[in-house]
Every structure is written in C-alpha cells, then in structure tokens.
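> The residues making up each chain are set out below.
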Amino acid sequence: MSLLRVENVDKSYGDEEVLHDVSFEMDRQDVEVIVGPSGSGKSTMLRCVNRLTEIDDGAIYLDDEEIHGIDENDLRRRVGMVFQDFNLFAHRTARGNVTLGLTEVLGLSKEEAQAKADDYLGRVGLAEQADSYPAELSGGQKQRVGIARALAMDPELILFDEPTSALDPELIGEVLEVMRDLAEGGMTMLCVTHEMGFARSAASTLTFLDEGRIVERGPPEQLFDTPEHDRTRQFLGELTDLH
Amino acid sequence: MSEIEVRGSTVGEIPGRKRLVVIAVGAVFWTWLLARWAYHNTLLDRLFTALGFPDLVRSELGYRQQEPWLPAAPFEAVAEAILSVQSAFGPLEFLVGWAAWPFELAAFATTTEPALASGAFITVYLTILSMLFGLVIAVPLSVARVYGGPILSGISLVYTELIRGTPLLAQLFFLYFGLPLASFFNGFAFVGEGAIPRASILVAIIGFTINSSAYQSEYIRSALQSVDAGQLTAARAVGLSKLDGIRHVVLPQGLRFAIPGWTNEFVYLIKYSSLASFITVPELFRQARNIGSDTFQFTDIYVIAALFYLALVLTTALAMSKLESAVAIPGLGSSARRD
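So the protein sequences, as listed, match chains E and W.
Residues in the first sequence are numbered from 2 upward in steps of one, following this note's numbering.
Residues in the second sequence are numbered from 1400 upward in steps of one, following this note's numbering.
Don't take each hint at face value.
Stated by the list, open to error - Some chain W residues close to chain E (C-beta under 7 Å, calculated; not the full set):
# : residue
1 : 1629
2 : 1720
3 : 1724
4 : 1725
5 : 1728
6 : 1731
Claimed, not checked - Residues on chain W that point at chain E, a partial pick, calculated with CB under 7 Å:
#  : residue
7  : 1433
8  : 1434
9  : 1437
10 : 1638
11 : 1639
12 : 1640
13 : 1648
14 : 1652
15 : 1691
16 : 1723
17 : 1727
18 : 1730
By construction, these hints were calculated from the structure, which means they are not laboratory data.
We put the CB at the ideal spot given by N, CA and C, even for glycine.
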C-alpha cells in the first residue's frame, strides 16, 4: 500500500496551466526527488500535497485517504514541510521554532516540548544554537532548524521545497548531510532540488517534470545514464555539467 | 551584510551629558507631580476611601490655591529686584522686563501648580485608559482588515475611515450631547462615586477609545503587512490554524513593528485629550483656561500648561523607546541591522 498516491492532478493559475495530469505513487521510506526547469510546476506539486495550494482536478491520497477528506491542520501535522527561504519564525529562538507546533498542535506541555526540541536540534547538530534567534544563525543552520521543526512533529512524510537553493555553496553540504541521514533512517521524503549529487545517491525514484507534465520517472541511474527522452538527457546533462 | 545601524532620533537616544540633564529635570518634575497626586487628588481620594483608607489622600486643592511646598515670595522678590532698575535703561527697559518675566512666571506657577497637577492627572488617566482600551479594539480591527474575508475587512475599513474621517471634537459632542451619553451615565447612582469618575470623564474615555482605536488599527495594520508572508505559511505548514498562526507568529512580530507608530498615536492623544475640556472634563487644558479667565494671565498660564504637556510627551517617548528595546529581538524590526 502506497503512502502517497497522486492521481491525474491538474492545476492552473488563471490561463496558465501549471500541472497537467500528474500521477505518481510513493511507498513508505521512499525518497522521491523531483527535478525540472524553473516554472515546471515542481513547487506547486509539493504545495498541493499539504494543501497550501488546492488542486483543480484529480485526487491525492495519503495512506489511502483522500487529503480533501482530512482536516487541513491534521494533514499538515502529518506532512511536514521544509522551505527554500527557511521561513523560521523570526521572533522565536531555534528551540522556540521547534516547540510552537509541539505545544499548539500536538498539545505537549512546555517541558515536554522543550526536551523534544532539544533532542531534534541535537540530531541536526544544533544543540549549541538552541537559544539563538534566526538572525543569529547561518543559512545552513537556519535550514537545519527548519528540518528539525518539521521532523519534531513526527510526520509520515516530509516535503522539501528546494531546501538548498537559497544557501551559499559552502553551506549546502551540511544540509544535504542531514537529509541523507534522514533518508538512511527511513524517513519518507518528497524533495524538489537541483542537487544532482543528492538525487543520484539518495533518491529511490527520480521524476523529471517539464511544463507541468511528468516527462520521465524511474530509478536515478536510469534517468541519468539511459534516459528515454532527449529532453531528460538534455536537462540532466546541463545540470550535471553545471554542478 | 552591511554594518550600518539604523537609528531613531527620540529622547531615548540623547547622548551623554544632555541626557543626564534631561533625566535630572524629569526626575524633579515627576517626584513633585507624583507627590502632589499622592497628597491631594480627588479621584485617588475617592478610590482609597472606597477601598477603606479614607485618610490616605486628600481632596484636590482649589484652582487658585498656593502650592504648599513652594512659596511664591522668593520668586516675587527676585522679579521686583530686577524691575527696580528698569527705569535706568531708558528705551531698553523692555529687556529688563523680559529678564524679570521667568521669575514672575515661577511665582505665578506656585499659585497655579496644584490645579494644573490635578488636571494633568486626568489628562494622564484619560490618555492611558483610552490607549489601552483602544488597543484592545485595534488589534482585532487590524487583523480583520489584513486577514479577514471581504465582509470582515469591509467592516473594519468602514469603521476606520468613518472615525478617521470625522473630527474628534464632533465625535465627543455627538457622544456627550447627541446621544446623550452624559445624561445616560448620570442616571446611575454610582457614577461619580467611589472609584467611578464623573460622567463627562466616562464619555471622554469612550470617545477617545473609539477615535484612538481607528488610528491604532492603521498603525498595526501596516505593521502586520510588513510581516513576511512566509511566516504565516510556515505556521500553517506546521498545522496551526490561521487564527493560531496570526496569534502566535504574526502578532508577536507585527506588534513589535507597530511600537514606533503606536508611540506617535500615544503622544498625539496626550495633546488631543485637551478637547475633553469642551465637554467639561477638568483636565490640564481646562484648568489652565479657567485660571486664565480668572487672572487674565492667559499667556503665562498657557506657557506653564505647555511645559506640562511637553514633560508628559517626552516621558512617554522615553518610556516607549525603553519598551521597544526591552522587547527587541535580534534581527527583528527597528533594532535590526538592515542588509
């Protein structure tokens, strides 16, 4: 039984069709990486899964339950999200960023939430920075707090929306390392990224999305080494050359 | 990241020695004013009497009573000494008159301060209560305006523009004479008794609260709009409802951004509370006007009253800038270094 099943999803912003007939499935512990040129609908696809964006047509199932039948706050508790721009709560410390959802959504006591937050901050290597405010952290540290914040909610699935795109090159490695650890630890992850090294080594399935359609989908080795479509070869070739 | 610090220019940032002078003058003024209020104050007297301490505070001194802690004679003597040499200066004798004027003013002040102090108490009382009640209304108004649907934001918009678009004095007259709230309040036996102030003060508080809530909500609205949209998105993505996201993420940031604008509204209201004099509230300006009518020394009494207002405004600005630094968070709002 698949954890996430996306069936024939369509989405338009006005006249502009962003997603067209997109379907795919993920099992538990899968690491699905979506790649594609900018404007191809990758981020929109991700935001449809936790209903930050609503689909026009089709259906999305989480654990065989259509997501529009789930209370949206409950859905988002079960599906974590990590943002390109981190979106850390600017008025709360690293610890406070993690505890907000724990106390207000999961209903933990303040003490329980703090202990859990410190545990997860330790896991992403930020035990020392628990009392720092976002403005006092580097980009890589901010994104690791963002991951701890999503992780502490015990989600069934985490969405990564270009988690390294806003980072300076020397800070990308620390974030990818945390993501690799998560993947190895069996977390189910749906990632939009341009990090081809990560896609190749950590992804269980790679999807190439272009102009709102899935062009090709399969094991990463297949898409990198023996792609069926010229468009895939061209895109992955360009990106691999760049990186 | 540049290292340029963006600084305000309120009294909170006065440097070095000048700062000490401001603090010393402020300390003398407030020590005297608080002592005067603690000693003779009708509202406090009634409040403490109601609480069972009838002798703690006395009733107010009348409006032409001598300040008991400060005699007028020494100032009068200095003024007379200066004026005694006036005739020797021929055409320049008016300069001697000017030199004597501050001492005449000080002597006059000792006979009017008790009345002005009781007026200042009502001014402060009106302003603080109206600001706080106004804030309680302004927060939901501004949230409705920014995050409400078309109906809620429409209601908020109409309220704000209606109140901001009509004169405060007209609003006070409408409440006091038009409704008329004054006679409504006077129908209750407890109004003007114990800790409950007289009807005109109640009407003024209601009028200023309504008026101030509209202005405050505009300051808070623009502060809320300056909170990055990603903040609420992130709160929603964790599973918080929209209202919880606003409460726990947007408001704590937005209200910090709103402090400078809120300070502005606070100092405006201190001065605009003088309009309460037109509905018979014996606040600072009305006391001054009454003394002026009685003595015909309008210039002198308005100069003294102006000094009172100045002291209240500077104190407020200083306190608010202290509040702003006390609640400041690294990287957030006006304390932030701009990239």
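> Give a verdict on every hint.
Going through the hints against the structure:
1. The beta carbon of residue 1629/W is positioned within 7 Å of a beta carbon in chain E (closest approach about 4 Å), and the interface hint is therefore held.
2. Because the smallest distance between the Cβ of residue 1720/W and any Cβ of chain E comes to about 19 Å, over 7 Å, the interface hint for this residue is violated.
3. The criterion of a C-beta within 7 Å of any C-beta in chain E is not met by residue 1724/W, whose closest approach is roughly 15 Å, and the hint is violated.
4. Because the beta carbon of residue 1725/W sits about 14 Å from the nearest beta carbon in chain E, more than 7 Å, this interface hint is broken.
5. Contact between residue 1728/W and chain E, as hinted, is supported at the beta carbon level, the nearest pair being about 5 Å apart and thus within 7 Å.
6. A hinted interface residue such as residue 1731/W counts as satisfied when its beta carbon comes closer than 7 Å to some beta carbon of chain E; here the least separation is about 5 Å, so the hint holds.
7. For the restraint placing residue 1433/W at the interface with chain E, the shortest Cβ-Cβ distance is roughly 35 Å, beyond the 7 Å limit, so the hint is violated.
8. Proximity of residue 1434/W to chain E is violated relative to the hint, the smallest CB-CB distance being about 40 Å (cut-off 7 Å).
9. With its C-beta approaching chain E no nearer than about 39 Å, residue 1437/W sits outside the 7 Å limit, and its interface hint is violated.
10. Interface restraint check for residue 1638/W: the shortest CB-CB distance to chain E comes to about 4 Å, inside 7 Å, so the restraint holds.
11. Checking residue 1639/W against chain E: minimum C-beta separation of about 6 Å stays under 7 Å; hint holds.
12. With its C-beta approaching chain E no nearer than about 6 Å, residue 1640/W sits inside the 7 Å limit, and its interface hint holds.
13. With a least beta-carbon distance of about 5 Å to chain E, the hint placing residue 1648/W at the interface is held under the 7 Å criterion.
14. The restraint placing residue 1652/W at the interface with chain E holds, with a minimum CB-CB distance near 5 Å, inside the 7 Å limit.
15. Violation of the interface hint for residue 1691/W is found here, the shortest Cβ-Cβ separation to chain E being roughly 50 Å, above the 7 Å cut-off.
16. For the restraint placing residue 1723/W at the interface with chain E, the shortest Cβ-Cβ distance is roughly 14 Å, beyond the 7 Å limit, so the hint is violated.
17. The beta carbon of residue 1727/W comes no nearer than 10 Å to any beta carbon in chain E, farther than 7 Å, and the hint placing it at the interface is violated.
18. Contact between residue 1730/W and chain E, as hinted, is supported at the beta carbon level, the nearest pair being about 2 Å apart and thus within 7 Å.
The structure fails to meet hints 2, 3, 4, 7, 8, 9, 15, 16, 17 from the earlier list, while all remaining hints are met.
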